[in-house]
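Chain residues, written in single-letter form:
Protein chains: 2
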Amino acid sequence: MFESLQLKHKVDKAAYEAEEPLLRERLIDNQLELLEKPTFPVIVLLTGMDALGRGAAAKQLLSWLDPRHVRPYAMMRPSEEELERPRMWRFWRALPPKGQVGLFLNAWYEGPTREYFLGNIKRGQFRDHIEENLRFEELLAHEGALFLKFLFLLPKEQSLKGVEESRKGRTGAWKLSRDEVEIAEQFAKNYKKTISAVEELVTATSRTHAPWIPLPSADARYRDLTIGRTLADAIEERLKASKRPLSMGGTSAMVGDTGANVLDSLDLNKSLTRETYRARLKQARNRLTRTTLSKKFEKRALVALFEGNDAAGKGGSIRRVVEALDPRMVQVVPIAAPSDEEKAQPYLWRFWRHMPRLGHITIFDRSWYGRVLVERVEKFCSEADWMRAYEEIRAFESEMSDYGIIVVKFWLAIDKKEQLRRFKEREAVGYKRYKITNEDWRNRKKWAAYTQAVHDMVERTSTSRVPWTLVEANDKYHARVKVLETINERLKESL
Amino acid sequence: MFESLQLKHKVDKAAYEAEEPLLRERLIDNQLELLEKPTFPVIVLLTGMDALGRGAAAKQLLSWLDPRHVRPYAMMRPSEEELERPRMWRFWRALPPKGQVGLFLNAWYEGPTREYFLGNIKRGQFRDHIEENLRFEELLAHEGALFLKFLFLLPKEQSLKGVEESRKGRTGAWKLSRDEVEIAEQFAKNYKKTISAVEELVTATSRTHAPWIPLPSADARYRDLTIGRTLADAIEERLKASKRPLSMGGTSAMVGDTGANVLDSLDLNKSLTRETYRARLKQARNRLTRTTLSKKFEKRALVALFEGNDAAGKGGSIRRVVEALDPRMVQVVPIAAPSDEEKAQPYLWRFWRHMPRLGHITIFDRSWYGRVLVERVEKFCSEADWMRAYEEIRAFESEMSDYGIIVVKFWLAIDKKEQLRRFKEREAVGYKRYKITNEDWRNRKKWAAYTQAVHDMVERTSTSRVPWTLVEANDKYHARVKVLETINERLKESL
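So the sequences go chain by chain: H and S. All residue numbers for the first sequence refer to my numbering, where the first residue is 82 and numbers rise by one. All residue numbers for the second sequence refer to my numbering, where the first residue is 82 and numbers rise by one.
None of these hints come from the bench; they were simulated from the model. Just so you know, these numbers come straight off a predicted model, no measurement behind them. Mixed in with the good hints there might be a few duds.
Intra- or inter-copy, both count: the list cannot distinguish identical chains.
[What the hints assert, rightly or not] Below 35 Å or equal to it, Euclidean Cα-Cα: the simulated DSBU-like pairs (lysine-lysine) are:
(1) Lys380 to Lys527
(2) Lys376 to Lys242
(3) Lys179 to Lys460
(4) Lys377 to Lys242
(5) Lys94 to Lys363
(6) Lys424 to Lys497
(7) Lys573 to Lys242
(8) Lys516 to Lys94
(9) Lys179 to Lys557
(10) Lys516 to Lys498
(11) Lys424 to Lys118
(12) Lys273 to Lys377
(13) Lys505 to Lys274
Go ahead and model the full structure; you've got the sequences and the hints to work with.
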């Protein structure tokens, strides 16, 4: 691989000066067209050897583009807030909205590669991180992102020379940290090993929706023009294309009524007497309080999500959980219609942004499962979209779990008769907070479709590390106690 | 003051149990009504002695309210990202949007009070922080926020007892940090001094729009019911009120055509030859590169904002600045219509959210001055709103400046003839990025009104620490060089 490295890639000054102004005009025009009807973000990755060259190229690109619609990103050292969240959080946080260009230096490949190269992490962990990267890119591509992953490559001599120059401080506007100089030196000195590592990485991480673009970067003019041209071509091509390039995903044969439903096995009428309820609730609450205030919990975090039929009692259960918690560590996030900033991002973005820090707790009232429940049933997204969501969600929850976040998921189930009783009761009481809307009645008519969606969801996303807990909720006492006791159990297992 | 501390404030169990469910119903109803038509946020501060009591009260309040629409906030230790920004950033960041309740423990009064009490800061700095608090509250109140500032008060014996209990770990669900226990102990032991400090604070910081509510907190039932009732009453009162309670602000007599205009004194035709331009631009660019990469800059930050007539060349100037900067440290923020999340917050919020970290640079293409320019001229806000903005903006810029952020402000001025020439030129060229819209032509008709607004703005917001730089921009060469050289000068003075 990378035989082209041996070829001479050079652009002379005259040719450069002839092309540059036209290219800039094209790029600006593309950017504006993209902004006018923002349908996708552009993600440019500058990765590979040649830290100096990457920096210089980023500078050049930023000066060609209109910098007001570019989000440059470079992980120097992750901040404390970033370190207290799963690795990918900082990249989710830095994503450009639709219509804008994200310019990533030192992004998701650099960290694992460096740590692996320096022997700080083992091969297994390295592969796990690469897998996270791939899933991240795939999800974004599915949501429409246009990827340009440039892989900077230098022949051996140049790579040594670059290191020397940075040591001497001849870096132009580009400042390399001591770490960066050191790693560049390591790379250059172990050139053969580096190239083979890069080959391995490229083999593992090139995908049609996010391919690597090898870039011999020794000649600055060649390097910058190539990046500019490739970017302009790609944006133009995509703007012309009428639809998203990536539409894989399964067929509806993957899911569907198999006769049996996981909800069927539940005895929805499980109940507790008032006395038992009071005693067990108090006990569970105290236990939850103690556990979340314990030393051990400081290095972990909890995400609890609540889904369920309308009027199943999610709010009441959430309240019983919150009551047990130090208000300084808990945040309750109700999921309703997304804000316009959220709409300009992939659907998981609005959940990533509420990721708790270590020692903290986020409770979601409805969640990312909306994708495979309401969005599926109401056809708010395409079949391919909700189909792939099962996988994306499993990966998302794994990332949290790998990082040490305890994820607890509840489906509160009532039967159709009980729902009707509660709807009527609420209409009679007339408290504002119990208001039954037309939408509630409409949803009720789709009971069977929702039941099927719940079955498929549980089937596909209940894993041994992040299982679903189905809560029989015709009796509120039983439901609330089960919720609290389940959280306690999961915390006990995990701490 | 605080004579009521000597009175017995007690609620017996029966009375409490009779009132509590009704109060809860009221609070929930209020919350929902607030959410239905979100016109203002509610900001509840629990401050004062009695750390344990504050925690317990917050817990109780959170369990009465619907926690999904409450943003609890408690500064434990500020995070690194918070420490790298002005002190108020963390509170701006935690503000509830309109329609929601912010529940603040350990908020903006605790830090300065503690530091002052412990002798870590001098009286002068303490007063500065208090001043920041006041301006913050005033701005929020002007924007509609409903404030409830509860001041917890304990008689001497109880305050000592509380400390003892926390030491023993008998804190219920409430965990006090070692710092908190220590400070509570200091407070209790120096009870007289504490009370007189609290009196002083209250005297300095009680305002009609954000009054202190002294709360004898020894009896938990009395304490919680009082908070709940006061909150419910205040929300109901405000919901009934047809308009914002605070509408101070000056009269239009404050500003207006005085015959002379600061813009008149400019020679808009200042120009440079192409050769001089190239040489000075290169020099200024190199200098800017060096300065921003210097060790000294790492502990500072730069905010540069650009305002100017339409077609005055803001974009081109910004590009020349960005070209000199390490792309990893710069962010360009174009200010257009606010997103819906931004609309749910006070107008300065969207600028606070882009506050650079130390060692970083934010460039605003248009800025908070929109308030006294376009919003004034187009009557997007009331006269009182833009009148008070002069003061609010001065305070905002002082806060940045006090923290060490270098703020540079440019007005790019062209004359009416030059604007017409550029508009026509742009229409002829037809590049997308030069598109002249109907709005541009409309704005042009209001030339005189804008000129007056610019004059008033410069008059009122050019301070010795954060001066305006008026840039003669009929000649682009001159304008760009002046911009870069001014930034260099300001950096030199400040570093």
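Hint check:
no., hint, in the structure
1, Lys380 to Lys527, "neither (43 Å within a copy, 59 Å between copies)"
2, Lys376 to Lys242, "between (51 Å within a copy, 25 Å between copies)"
3, Lys179 to Lys460, "both (22 Å within a copy, 31 Å between copies)"
4, Lys377 to Lys242, "between (49 Å within a copy, 29 Å between copies)"
5, Lys94 to Lys363, "between (78 Å within a copy, 19 Å between copies)"
6, Lys424 to Lys497, "within (33 Å within a copy, 40 Å between copies)"
7, Lys573 to Lys242, "between (56 Å within a copy, 34 Å between copies)"
8, Lys516 to Lys94, "between (72 Å within a copy, 32 Å between copies)"
9, Lys179 to Lys557, "between (43 Å within a copy, 32 Å between copies)"
10, Lys516 to Lys498, "within (18 Å within a copy, 61 Å between copies)"
11, Lys424 to Lys118, "both (14 Å within a copy, 22 Å between copies)"
12, Lys273 to Lys377, "neither (45 Å within a copy, 39 Å between copies)"
13, Lys505 to Lys274, "neither (71 Å within a copy, 60 Å between copies)"
When the structure is compared with the earlier hints, violations turn up for hints 1, 12, 13 and for no others.
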